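Number of protein chains: 2
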Amino acid sequence: MTKTKKGPVFTEIALEIFKLGGLLVNEGDLMGSPYGITSARWKIMGAIVRAGKPLTVPQIAKTMGLTRQAVQRLVDVMYADGVLAFQTNPEHKRAKLIKLSEVGEEIYGKLDKKQVDWAQTCSIHLTKQELDTTLSVLKKMADMFDH
Amino acid sequence: MTKTKKGPVFTEIALEIFKLGGLLVNEGDLMGSPYGITSARWKIMGAIVRAGKPLTVPQIAKTMGLTRQAVQRLVDVMYADGVLAFQTNPEHKRAKLIKLSEVGEEIYGKLDKKQVDWAQTCSIHLTKQELDTTLSVLKKMADMFDH
DNA sequence: ATAACATTGGTAATATGTTGTCATTATGAC
DNA sequence: GTCATAATGACAACATATTACCAATGTTAT
Numbered sequence: 001m002t003k004t005k006k007g008p009v010f011t012e013i014a015l016e017i018f019k020l021g022g023l024l025v026n027e028g029d030l031m032g033s034p035y036g037i038t039s040a041r042w043k044i045m046g047a048i049v050r051a052g053k054p055l056t057v058p059q060i061a062k063t064m065g066l067t068r069q070a071v072q073r074l075v076d077v078m079y080a081d082g083v084l085a086f087q088t089n090p091e092h093k094r095a096k097l098i099k100l101s102e103v104g105e106e107i108y109g110k111l112d113k114k115q116v117d118w119a120q121t122c123s124i125h126l127t128k129q130e131l132d133t134t135l136s137v138l139k140k141m142a143d144m145f146d147h
Numbered sequence: 001m002t003k004t005k006k007g008p009v010f011t012e013i014a015l016e017i018f019k020l021g022g023l024l025v026n027e028g029d030l031m032g033s034p035y036g037i038t039s040a041r042w043k044i045m046g047a048i049v050r051a052g053k054p055l056t057v058p059q060i061a062k063t064m065g066l067t068r069q070a071v072q073r074l075v076d077v078m079y080a081d082g083v084l085a086f087q088t089n090p091e092h093k094r095a096k097l098i099k100l101s102e103v104g105e106e107i108y109g110k111l112d113k114k115q116v117d118w119a120q121t122c123s124i125h126l127t128k129q130e131l132d133t134t135l136s137v138l139k140k141m142a143d144m145f146d147h
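Which chain is which? The protein sequence lines are A and B, in order. For what it's worth, full-length UniProt numbering labels the leading residue of the first sequence as 1, then goes sequentially. For what it's worth, full-length UniProt numbering labels the leading residue of the second sequence as 1, then goes sequentially.
Just so you know, the hints here were simulated from the structure itself, not pulled from any lab data. Note that this is a predicted model, so its numbers are computed, not measured. Where a beta carbon is used, it is the ideal one built from N, C-alpha and C, also for glycine. Incorrect hints may appear among the rest.
Short derived list, chain B residues pointing at chain A, Cβ under 10 angstroms [to be verified]:
hint: 1; residue: Ile17
hint: 2; residue: Leu23
hint: 3; residue: Asp132
Can you build the whole structure from these sequences, using the hints too?
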């Protein structure tokens, strides 16, 4: 009896993550559309805000699990759109630090307020324990593949 | 006291799902690369196999949570590559039924074997209960946004 | 200091996915 | 049967992401 029933469940989880990824992008796009912000751009802003300090492009990429090229592209268009600002990096001449512009800060504030309400509403029918377990499992999964 | 601590955890879960989505695509691409199959194409094949019968493009899209256009594009190239085959639909002249070709069946068989081992290995450090709870939460989340 | 190596930015090609639009074919109400 | 409506396929424009490559800049070992 080497078989377990865990493998198939793991597979179902993977498929559900694929589906949910798309659905969550939709949700984010909807919430951000009044401000011209897409899910991808919102996540860039979030990575910077959550870090509590300006970040370089590779640092943002690392945080989000994306390639630096993908982040670079977004950062460039978001700078052009005026929601991000650059700051010279005292420790590195080439790698500029990225922060939110004043406009970006304002937009992010409104988005974040919306998002907090959204998350609270979404979690009404889920228990704290269920959510904690889920987050713990997802983190373990990410660690498993993160290298 | 209207505040709960569930919202922030829900938000963390959403961010983890974004990251895991990318990591899982990588895993699938790696496993499929010996057969020229990417994650996206593998999932199309999986949707058909798991249905147990040929499906139309919109049916595949519905199953996977994608738009029919995205699926149509993949189905067309996979037909050109010879891994999918068409079958006239007795109940609908316009919507052809899609099934795996013989080559597709053979490739899928090998992929599936690999994937079963992979899922079992991945779930070693997770309990059945953790996995069940996680799947349940993810499904509830998907239902929440599925309309 | 210099040489080897790693990091960063930039660019291009490709894959995946969305929205929007149009024409065609099915379906259903009457 | 006819007409309004829905579903399907086809196509285009765009957004997001990857890999691959090159040039420029930093870092480290010697």
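The hints, checked one at a time:
no.: 1; hint: Ile17; in the structure: holds (5 angstroms)
no.: 2; hint: Leu23; in the structure: holds (4 angstroms)
no.: 3; hint: Asp132; in the structure: holds (6 angstroms)
Hint compliance for this structure: every hint is met.
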